[in-house]
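Just so you know, the protein sequences line up as chains A and B, in that order.
With my numbering applied, the first sequence covers 26 to 209.
With my numbering applied, the second sequence covers -8 to 175.
Simulated from the structure, these hints should not be mistaken for lab results.
Remember, predicted model here, so these are calculated numbers, not experimental data.
Don't be surprised by glycine CBs; every beta carbon is placed ideally from N, CA and C.
A hint or two may mislead.
For each label pair, taking beta carbons as the anchor points, the in silico distance ranges come out as [unchecked claim]:
1. B:Glu158 / A:Ala103: 33 to 41 Å
2. A:Arg141 / B:Arg150: 45 to 53 Å
3. B:Thr167 / A:Arg141: 30 to 38 Å
4. B:Gly147 / A:Glu109: 52 to 60 Å
5. B:Asn163 / A:Leu195: 47 to 55 Å
Here's the letter readout for the chains.
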Amino acid sequence: MPTLKEQFWDPVAGFGVTFRTMFKKVVTEQYPFDKKPTAPRFHGRHQLNRWPDGLEKCIGCELCAWACPADAIYVEGASNTEDERYSPGERYGRVYQINYLRCILCGLCIEACPTRALTMTNEYELADNNRADLIYEKQDLLAPLLPGMEQPPHPMLLGDDDGDYYRGNLRPRTAETHESEEHR
Amino acid sequence: MGLEEKLPSGVLLTTVEGVAGYFRKASFWPATFGLACCAIEMMTSGGPRYDLGRFGMEVFRASPRQADLMIVAGRVSQKMAPVLRQIYDQMPDPKWVLAMGVCASSGGMFNNYAIVQGVDHVVPVDMYLPGCPPRPEMLIDAILKLHDQVQHSKLGANRRDEISDAETGALNALPTSDMKGLLR
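Work out the full structure: start from the sequences and follow the hints.
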């Protein structure tokens, strides 16, 4: 035989949670209208970075492709020449593809990258309706040209050789170098 | 010219396709097809924080007869593939498939004999969603992109033409095994 409390109070007490919740702040995020920023180190879409003069940091070493557990990255390196220079040093990544239908956004490629050419952004809206468009090419992944950057190919503007770039002996862009660019 | 000019003010005209698309996109009834960790994120999307109910699809139907959107969340094993196809066949037309996560979209990091390398080997996929697992915002973004696609889908004879065009296009397309040279 249930007690009086079990018969009358307990069924009502259960609704206490519902009742209290009415006075709480609503937790729902209005996602497409009000986008909350992700955590700053969220692993989103990749980005291929540039040096301050616009040269690419990627040297086409394929370490990211080797580190990738899902084999999502395809890189083909090629040699820089004096006339056509995309990155400081000998080599640059001519073909750079990331298959976002394989990529698990684990970040092992970022750890493997020796020049910090590959980093991750917080962008996450990647859905698409076919598989081919989700293979991102180099032009989709490259960082945008900021003010002061120049579209490669162009010679090294901030140092005499790649050693200056990697040791951080970058000279500031002076009016003189700007002028020499214009005469080039 | 036609009917538009004879109408009194305050009357809007639209197409049957537009209205049908509008109603279809606003009343998705997803079928649960949670197979792995992506299902956790799918459930979160239906929960109070992300609240798919804002788009009229919080009821995940356990019965395919009452569903028109299959969210394949997780890796599909070879043994699960016929089950998945049967569930798809049991859904009434019109129906859509959303491959959630890299495993459902392409096999992801599980490139082995046990996992179907992309659920589009088994059923036609309308939206691919990368991520491992995709956060609820990514799922909502994919659903909204699918909404847009459904809104602009065709009806009747136009739809049949669209399907036959897509089929001839796919038959005439160059097979991946015949693509030669640099992959760029």
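Okay, the hints, checked on the actual structure:
no.: 1; hint: B:Glu158 / A:Ala103: 33 to 41 Å; verdict: holds, 39 Å
no.: 2; hint: A:Arg141 / B:Arg150: 45 to 53 Å; verdict: holds, 50 Å
no.: 3; hint: B:Thr167 / A:Arg141: 30 to 38 Å; verdict: holds, 33 Å
no.: 4; hint: B:Gly147 / A:Glu109: 52 to 60 Å; verdict: holds, 55 Å
no.: 5; hint: B:Asn163 / A:Leu195: 47 to 55 Å; verdict: holds, 52 Å
Every hint, counting from the list given before, is met by this structure.
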